[in-house]
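Protein chains: 2
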Amino acid sequence: MATIKDVAQKAGVTVTTVSRVLNNRGYLSKDTRDKVFQAMEELNYKPNAIARSLYAKKSGIIGLILPALRHPFFAELAGFIEQYANLHAYKLLVCDSNHDALREKEFVDLLKSNQIDALIMASHTLDVREFAGLDYPIVTFDRIIDGLSYVCSDNYRGGVLAAERLIHVGCEHVAHICGNLQLDLLSNDRTKAFLDVMDKHGINPIIVQTQTDVFDYKHYDNMIYPLLKDHPHLNGIFATSDLLAAHVLRACYEMNIKVPGDLRVIGYDDVSLSELLVPQLTTIHQPIQEMAEMAVILATQAQEADRFQQAHVFPVHMIQRYTC
Amino acid sequence: MATIKDVAQKAGVTVTTVSRVLNNRGYLSKDTRDKVFQAMEELNYKPNAIARSLYAKKSGIIGLILPALRHPFFAELAGFIEQYANLHAYKLLVCDSNHDALREKEFVDLLKSNQIDALIMASHTLDVREFAGLDYPIVTFDRIIDGLSYVCSDNYRGGVLAAERLIHVGCEHVAHICGNLQLDLLSNDRTKAFLDVMDKHGINPIIVQTQTDVFDYKHYDNMIYPLLKDHPHLNGIFATSDLLAAHVLRACYEMNIKVPGDLRVIGYDDVSLSELLVPQLTTIHQPIQEMAEMAVILATQAQEADRFQQAHVFPVHMIQRYTC
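Top line first, the protein sequences correspond to chains A and B.
Per the working numbering, the very first residue in the first sequence carries number 1; after that it's consecutive.
Per the working numbering, the very first residue in the second sequence carries number 325; after that it's consecutive.
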């Protein structure tokens with residue numbers, strides 16, 4: 001019968017590291033985690049901790065609420081979350097909420113009645129008070145709710161990078177296309193940072209927001225075509241998703257605006273779509289896979305005592321392709 | 325207390341139609357179904373049939389297996405399936421299988437142990453024998469398994485439409501890019517039809533297949549760039565997904581091959597992506613939303629006696645945009 005020491009030796013790590021992997025404690029590289037899991041598998045190691053967690057587990061199901069599966073960012077996020085949930089022996093119950101607060105509440109109720117063990121919320125329309133005093137593992141994406149752990153990219157830094165790049169290449173007539181700022185999301189920091197930097201350079205960008213709760217892609221075009229038509233001198237755009245940026249590129253093609261010649265465009269997310277566009281999109285990379293893994297780890301932390309509000313802000317960087 | 329007659333009168337349909345809606349029997353237009361549901365809601369009608377079905381329901385969960393959530397076709401399909409499942413008061417347990425037969429088996433086992441009530445399979449790697457004698461509601465996408473109902477688009481017709489269009493515009497040097505034909509999928513009929521029509525016109529297309537079980541998009545490029553490089557006279561391509569076609573368009577842009585001037589391109593699916601591409605993609609439209617609705621209806625048919633193998637082949641048509 002293999003011991004935790006055997007696992008540590010085989011994986012070439014310390015016993016403490018194995019223990020941290022088993023208890024999903026702290027941040028460990030994917031490489032380390034993989035080595036430990038592989039050693040456990042090869043030695044057929046069945047730790048008490050895992051046995052305990054299996055025993056304590058009521059349904060073996062994690063709930064995931066997101067606003068729209070067909071949005072490429074959320075599709076990629078959901079795919080990774082499902083894969084990591086599976087690695088931790090959890091199944092994934094998915095809710096495509098379309099920002100419907102009632103559907104969010106339904107999933108919170110599933111959690112309260114132990115029909116799911118944890119909840120990852122990447123859509124947040126529900127009143128914050130619904131979460132007050134809830135002692136359940138809920139992890140949020142891109143929103144801070146008192147007492148709940150959250151995962152986000154460094155949105156502010158992303159906005160700074162985009163602004164600095166546009167300024168660096170000489171853009172002076174700048175627009176910013178973003179989600180609706182009334183939704184209380186951390187991604188609004190992208191806008192804040194962008195405006196802060198632009199302001200320092202005496203530039204006052206045009207801001208265009210999507211409607212609240214709208215993932216209707218025709219609506220994107222209804223915003224973007226007038227923007228380009230009414231502002232023929234525009235030479236730089238920062239869009240807060242690659243999908244929005246894709247709509248901008250398509251509109252430019254149809255209106256015979258050359259990118260990057262006439263207009264520079266920067267997106268945000270770095271989903272696969274961004275490499276498929278013509279020209280390939282310059283964008284702010286957020287580490288979707290790592291963020292998904294962390295959300296699953298936070299949601300499945302075995303011991304309730306481990307649950308306290310944790311903020312996991314993931315670094316971003318610019319992927320320079322051909323639109324800026 | 326409202327009766328079924330009141331509902332029929334308010335909705336302007338017959339009692340039989342209301343009954344068919346309640347029992348998810350036969351094919352009804354979305355319009356009719358919506359009218360009936362709306363009348364039920366307005367009259368606060370609670371039919372015994374629904375009460376029965378709620379009572380009989382064990383978990384209220386439908387399982388969905390698909391090969392890759394990040395693939396735009398499956399992301400859109402999953403989104404619609406979730407929405408229709410919700411309409412029928414079911415939750416959706418999603419498995420991103422990456423063509424792993426073990427994960428498919430896991431979901432079949434959930435069904436056998438009543439942890440889920442029905443299963444929709446849009447990924448099929450598992451040996452057909454695993455399904456032998458299973459008396460559970462399983463609905464397959466794009467594959468025929470003895471005794472199980474299935475949903476697909478009219479793949480053969482889609483292949484014919486693509487071939488005829490390329491011939492009509494004068495393409496003679498033609499290639500076909502498809503999924504791996506070893507996977508026993510009905511979508512292989514797209515290839516069969518395409519080759520049948522081309523053969524009648526004395527054209528022998530180059531065929532390029534993806535590897536089995538691969539949704540690695542870099543692999544797409546590794547197939548497409550050599551194809552375009554080695555066959556500079558190619559003037560027509562039919563790709564069996566819009567995603568493959570998107571990779572073709574991007575490669576053409578980078579290799580300075582004009583679309584549609586030098587090369588015509590036709591995709592398949594008509595996902596939102598196809599409208600975002602530059603130029604917008606000509607493609608074969610399959611009615612993803614209606615197919616999702618039918619899969620949910622077949623999976624949730626209230627009475628077991630209603631369950632017999634049903635084939636639902638949805639019509640396709642060509643959406644002519646700017647690549648062919």
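Rather than coming from a laboratory, the hints here were simulated on the basis of the structure.
Any given hint could be a false lead.
Okay, derived cross-link-like pairs now, DSS-like style, lysine-lysine, Cα gap no bigger than 25 angstroms in a straight line [to be verified]: (1) B:K582 to A:K58; (2) B:K334 to A:K218; (3) B:K524 to B:K542; (4) B:K382 to A:K58.
A partial selection of chain B residues facing chain A, derived with a Cβ cut-off under 8 angstroms [unchecked claim]: (5) L416; (6) C419; (7) R467; (8) G471; (9) Y541; (10) R574; (11) A575; (12) Y577; (13) M579; (14) I581; (15) S596; (16) L600.
Beta carbons are placed, not taken as given, at the ideal position from N, Cα and C, and that holds for glycine.
Here is how each hint holds up against the structure:
no.: 1; hint: B:K582 to A:K58; in the structure: 58 angstroms, violated
no.: 2; hint: B:K334 to A:K218; in the structure: 33 angstroms, violated
no.: 3; hint: B:K524 to B:K542; in the structure: 35 angstroms, violated
no.: 4; hint: B:K382 to A:K58; in the structure: 17 angstroms, holds
no.: 5; hint: L416; in the structure: 6 angstroms, holds
no.: 6; hint: C419; in the structure: 7 angstroms, holds
no.: 7; hint: R467; in the structure: 21 angstroms, violated
no.: 8; hint: G471; in the structure: 26 angstroms, violated
no.: 9; hint: Y541; in the structure: 6 angstroms, holds
no.: 10; hint: R574; in the structure: 5 angstroms, holds
no.: 11; hint: A575; in the structure: 10 angstroms, violated
no.: 12; hint: Y577; in the structure: 5 angstroms, holds
no.: 13; hint: M579; in the structure: 12 angstroms, violated
no.: 14; hint: I581; in the structure: 12 angstroms, violated
no.: 15; hint: S596; in the structure: 6 angstroms, holds
no.: 16; hint: L600; in the structure: 5 angstroms, holds
Consistency note: the structure conflicts with the earlier hints numbered 1, 2, 3, 7, 8, 11, 13 and 14.
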